[in-house]
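A.B. asks: Turn these sequences into a full structure, and let the hints steer you where they fit.
Residue numbers (my numbering), protein chains in the order written: chain A, 3 to 125; chain B, 3 to 125; chain C, 3 to 125; chain D, 3 to 125; chain E, 3 to 125; chain F, 3 to 125; chain G, 3 to 125; chain H, 3 to 125; chain I, 3 to 125; chain J, 3 to 125.
Everything labelled a hint here was simulated from the structure, so no lab data went into it.
Treat the hints with care, since some could be wrong.
20 angstroms max Cα-Cα, derived PhoX-like pairs, lysine-lysine [unchecked claim]:
no., chain 1, residue 1, chain 2, residue 2
1, C, K62, G, K36
2, I, K59, J, K36
3, I, K36, G, K54
4, E, K36, J, K59
5, J, K36, I, K62
6, B, K36, C, K36
7, B, K36, C, K59
8, I, K59, D, K36
9, J, K36, H, K36
10, I, K36, G, K62
11, D, K36, E, K36
12, G, K36, F, K54
13, E, K36, A, K62
14, A, K59, H, K36
15, J, K36, I, K54
16, A, K59, E, K36
17, C, K54, B, K36
18, C, K59, F, K59
19, F, K36, B, K59
20, E, K59, J, K36
21, E, K36, A, K54
22, H, K62, F, K36
23, F, K59, B, K36
24, D, K62, C, K36
25, D, K36, C, K36
26, E, K62, D, K36
27, I, K59, E, K59
28, I, K36, G, K59
Number of protein chains: 10
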Amino acid sequence: MTDRTDLETFPNHHIDRDYIVTLTTDEFTCVCPKTGQPDFAAITIEYIPDEKIIESKSLKLYFWSFRNEGIFHEHVANMILDDLVEALEPRWCRVIADFGIRGGISISVDAEYTMNGNRDGGN
Amino acid sequence: MTDRTDLETFPNHHIDRDYIVTLTTDEFTCVCPKTGQPDFAAITIEYIPDEKIIESKSLKLYFWSFRNEGIFHEHVANMILDDLVEALEPRWCRVIADFGIRGGISISVDAEYTMNGNRDGGN
Amino acid sequence: MTDRTDLETFPNHHIDRDYIVTLTTDEFTCVCPKTGQPDFAAITIEYIPDEKIIESKSLKLYFWSFRNEGIFHEHVANMILDDLVEALEPRWCRVIADFGIRGGISISVDAEYTMNGNRDGGN
Amino acid sequence: MTDRTDLETFPNHHIDRDYIVTLTTDEFTCVCPKTGQPDFAAITIEYIPDEKIIESKSLKLYFWSFRNEGIFHEHVANMILDDLVEALEPRWCRVIADFGIRGGISISVDAEYTMNGNRDGGN
Amino acid sequence: MTDRTDLETFPNHHIDRDYIVTLTTDEFTCVCPKTGQPDFAAITIEYIPDEKIIESKSLKLYFWSFRNEGIFHEHVANMILDDLVEALEPRWCRVIADFGIRGGISISVDAEYTMNGNRDGGN
Amino acid sequence: MTDRTDLETFPNHHIDRDYIVTLTTDEFTCVCPKTGQPDFAAITIEYIPDEKIIESKSLKLYFWSFRNEGIFHEHVANMILDDLVEALEPRWCRVIADFGIRGGISISVDAEYTMNGNRDGGN
Amino acid sequence: MTDRTDLETFPNHHIDRDYIVTLTTDEFTCVCPKTGQPDFAAITIEYIPDEKIIESKSLKLYFWSFRNEGIFHEHVANMILDDLVEALEPRWCRVIADFGIRGGISISVDAEYTMNGNRDGGN
Amino acid sequence: MTDRTDLETFPNHHIDRDYIVTLTTDEFTCVCPKTGQPDFAAITIEYIPDEKIIESKSLKLYFWSFRNEGIFHEHVANMILDDLVEALEPRWCRVIADFGIRGGISISVDAEYTMNGNRDGGN
Amino acid sequence: MTDRTDLETFPNHHIDRDYIVTLTTDEFTCVCPKTGQPDFAAITIEYIPDEKIIESKSLKLYFWSFRNEGIFHEHVANMILDDLVEALEPRWCRVIADFGIRGGISISVDAEYTMNGNRDGGN
Amino acid sequence: MTDRTDLETFPNHHIDRDYIVTLTTDEFTCVCPKTGQPDFAAITIEYIPDEKIIESKSLKLYFWSFRNEGIFHEHVANMILDDLVEALEPRWCRVIADFGIRGGISISVDAEYTMNGNRDGGN
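C.D. replies: Written out as structure tokens, the structure is:
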């Protein structure tokens with residue numbers, strides 16, 4: 003299991019303003035829980051901070067914690083979103099996980115958190 | 003005829019949240035019902051799961067079932083959409099089929115399912 | 003003059019659903035009515051079918067009928083739109099004509115038909 | 003000063019429909035009023051014609067009239083927009099001027115005319 | 003600290019119209035306050051002028067003033083936005099800072115000013 | 003087995019000159035002989051004709067003859083090259099087959115015929 | 003038949019130096035001699051002038067002379083090359099004709115003239 | 003250590019011809035031996051087979067064997083090349099490893115085997 | 003006429019080594035000597051310095067000196083090459099002028115100077 | 003002055019083989035010695051190691067040492083090449099420095115070291 007306590011935060015010094023932080027990596031890998039084979043993804047995180055902003059080195063370590071974890075594609079984006087929402091308590095957050103081709107098919111999962119629970123978007 | 007029972011599903015473990023799954027393939031082929039000649043397409047499927055998510059290997063086999071089937075371009079996107087809606091009972095679904103050039107003209111078909119029957123979009 | 007009776011149609015078998023068909027060609031040519039010189043354009047047609055869908059071979063022949071016709075850029079998109087609306091009676095239709103550079107300037111014309119006469123869009 | 007009488011027009015034969023004409027050039031040059039040095043820009047004009055459409059050769063000559071004129075970046079887009087609105091009396095018009103890099107910084111100016119004076123867009 | 007008095011302005015001669023000025027540079031560098039190592043970013047500024055437009059040479063000098071300043075990624079976009087709003091008193095302003103990859107992760111920050119304090123956009 | 007008698011030819015009317023004909027398709031499919039699953043490839047054929055040039059409709063039919071044939075990636079390019087050399091007796095010929103991703107790996111095979119049997123190139 | 007007397011020339015004022023002139027158009031069309039249907043191509047001409055350089059307006063008219071001519075793909079490049087060699091008597095010349103997709107296959111023909119009759123290249 | 007016995011081969015059925023097989027993956031990861039942190043690379047393998055061709059599933063497993071191995075960038079390409087040469091005994095082989103950005107710098111390593119030991123190339 | 007005395011130089015401090023300097027601009031304009039209409043080009047200069055390197059501000063002024071000069075496309079590249087060779091006395095020099103589309107045709111001219119008068123190239 | 007002792011090396015463990023290491027950064031900045039203004043460049047280093055390979059962290063620090071140094075464009079590439087040759091004693095080395103646009107002109111410098119002093123290339 004990933005340990006969400008890994009996600010450290012800084013105080014947000016621009017709390018009076020909604021602004022969007024986007025974090026992107028091409029270097030995410032986990033393991034398929036059915037076949038045990040490695041999966042690779044590009045991950046994009048967008049959020050509007052409330053009182054906290056993410057410390058990027060802890061995010062790097064958090065991504066690495068998935069390296070040997072068996073997890074389905076649909077769960078990756080939702081689990082990262084859940085962990086970020088718990089750690090950051092953001093005003094809005096969106097996670098997109100774009101996985102490489104398997105069997106001729108690529109899969110992308112796009113999950114979003116808003117305060118009222120509906121899809122909404124940061125713009 | 004394609005056999006929609008081929009489309010297997012998993013339970014959705016993030017049912018409390020609207021999220022979008024996008025599945026893309028460049029490896030779809032069927033046959034023109036008028037000329038008997040092969041057609042090739044890129045297929046994009048987007049959906050917001052309700053209680054089920056698609057099992058991707060069964061989707062691969064489902065795509066293969068079109069290989070020797072005679073079917074018009076406009077029907078491909080609509081038939082895939084119908085089969086996915088029946089198998090997944092999703093909150094929203096969209097299918098785009100982009101066919102290769104014939105006679106200097108390329109054709110793309112973009113069909114969408116919403117619960118109330120109108121075009122709406124997942125964003 | 004183009005002869006719009008060239009545009010043949012099939013019955014739409016998915017009449018219960020609004021879906022978008024996009025037809026694109028890079029192989030459209032007509033003649034400048036002022037100079038008699040050839041003009042070249044890429045044409046994009048988007049429509050939501052009602053009871054009819056276009057037969058693509060007749061569309062190819064329809065495009066060819068412009069080959070020796072003298073017609074202004076602005077008229078090309080509007081005339082194609084008029085002919086398609088008469089032949090297809092679609093729920094929505096849009097025609098975009100992108101012409102090559104003349105005198106350092108390129109021209110694109112984007113005309114749209116909706117049932118109530120206002121610009122609206124298919125999405 | 004540019005002479006807006008250079009901008010000739012044709013009657014619009016599709017007056018019953020809002021459609022968008024886009025004119026683009028990569029070959030616009032003027033002179034910096036502070037340094038006397040040449041500036042280069044790509045210009046995009048979009049408009050919805052009312053009773054007139056622009057004659058493109060006169061637009062080419064109009065662009066050339068800026069060649070030795072000293073004018074600031076922000077004024078280029080606004081002046082072209084003013085001249086087009088006066089000559090065409092369009093339903094809507096937008097002018098975008100993308101200038102080359104100076105001092106490591108590029109500047110783009112995007113000005114828009116609507117009948118009620120607010121930014122609105124043609125789509 | 004950057005000295006916002008560096009940002010000089012011209013009077014806006016098109017005050018009756020909302021138009022968007024976009025300024026872009028790929029040549030922004032500052033220093034990480036934790037490690038003392040250089041950071042590099044592309045900066046995009048968009049604004050709708052009210053009574054003032056920015057003088058671009060002073061903006062170049064303003065960017066250079068960050069060269070040896072220790073500042074976090076999230077603060078760069080917000081500080082530039084604050085300084086521009088104070089100097090320009092614009093109707094709307096948006097600053098995007100796209101930083102290079104560190105630890106496999108790239109960061110982009112997108113901050114926006116509107117008169118009523120909410121995110122809104124210039125279009 | 004493919005039937006190379008399908009490849010029809012025309013006489014080359016420019017026999018006094020070495021020139022290169024390049025034929026490209028994105029619409030090639032065959033079947034994996036181990037798994038029975040479809041494979042997809044882009045095929046590029048380059049040749050310098052001697053007394054014959056290929057008739058392109060027969061090439062289209064020849065490509066289709068692979069549709070249900072079980073054949074390894076490395077053999078596809080070599081077999082097409084062998085069949086073309088037998089049918090065309092060209093001065094030089096090269097076949098490149100670029101297959102889609104399987105197991106995270108894509109395969110391309112590049113085979114070449116010269117009169118003296120060594121790799122040489124047409125340029 | 004095309005009339006090569008259409009190709010006018012200017013004297014080359016830099017006869018002491020081998021230099022390459024490249025002329026490119028995306029606006030070439032002719033007719034398939036078998037089906038009577040239009041074909042479209044991009045044409046690239048490269049040559050090293052000897053005593054003559056091509057007059058570009060006459061080249062435009064020369065391209066237009068193919069508009070209603072029935073001619074095979076392989077002949078287009080060779081015929082243009084023959085006509086240019088006769089009109090220009092160049093030190094070297096190369097013609098590339100890239101035709102649009104027919105039956106899923108695109109064709110490019112690359113013909114070259116050198117003084118000694120072998121393929122050689124201008125670089 | 004990687005176990006090169008993992009690399010299985012098939013007999014080459016086109017031994018009379020030099021042809022190039024190219025295998026590419028974007029899904030290679032290993033570990034930095036100094037910091038223990040994951041590294042990611044795209045790997046390209048090119049070879050001219052002699053009596054053996056690589057079995058691609060065993061190559062996939064071979065790539066995976068690096069997943070938890072500590073290895074420097076320069077060694078990755080050379081070790082893969084050594085293992086392929088031992089397993090395939092090819093006529094020629096080249097391995098390129100393109101690693102992701104670290105400290106603002108990306109590294110690519112390009113190693114080549116020829117029978118006589120010098121760099122040579124397959125074209 | 004352009005005044006080649008405008009081209010100032012610095013001494014080359016790395017005279018013991020052949021190295022290539024490449025200077026590129028998208029901001030070159032001159033006038034067609036037949037029609038008086040503006041022409042626009044991208045200019046690329048490559049040279050191997052001997053005892054002098056070009057001072058780039060003087061090159062900028064040199065480019066500007068063509069702004070109102072009537073000159074044919076083929077002459078632009080050759081004249082710039084002549085002027086650079088006279089001013090720099092380089093070991094090798096190449097000038098490429100890529101002009102915008104006129105009558106559907108774009109023209110590029112590529113002229114090269116080597117000490118022995120033949121085309122050779124710097125690589 | 004930069005201090006070339008900053009460039010640390012590792013022993014090359016593949017000394018029996020010529021292989022190419024390519025190091026690339028988009029994050030190089032120095033200062034114009036005439037104007038004192040910052041310059042930005044992308045730097046590419048290619049080399050064939052002999053007994054030493056570069057330690058990449060020391061290269062990062064070496065690049066940073068140019069941050070406040072006044073140096074001409076032509077000297078940057080040559081100085082980096084000189085320092086690398088002294089530190090690495092490579093079999094071959096090439097340095098390319100691509101600088102941003104100044105006065106509408108961009109400059110790239112490409113310097114190469116071979117054992118016999120002539121330009122040669124690693125391929």
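A.B. asks: Does the structure break any of the earlier hints, and which numbers would those be?
C.D. replies: Per hint list: 6, 9, 11 and 25 violated.
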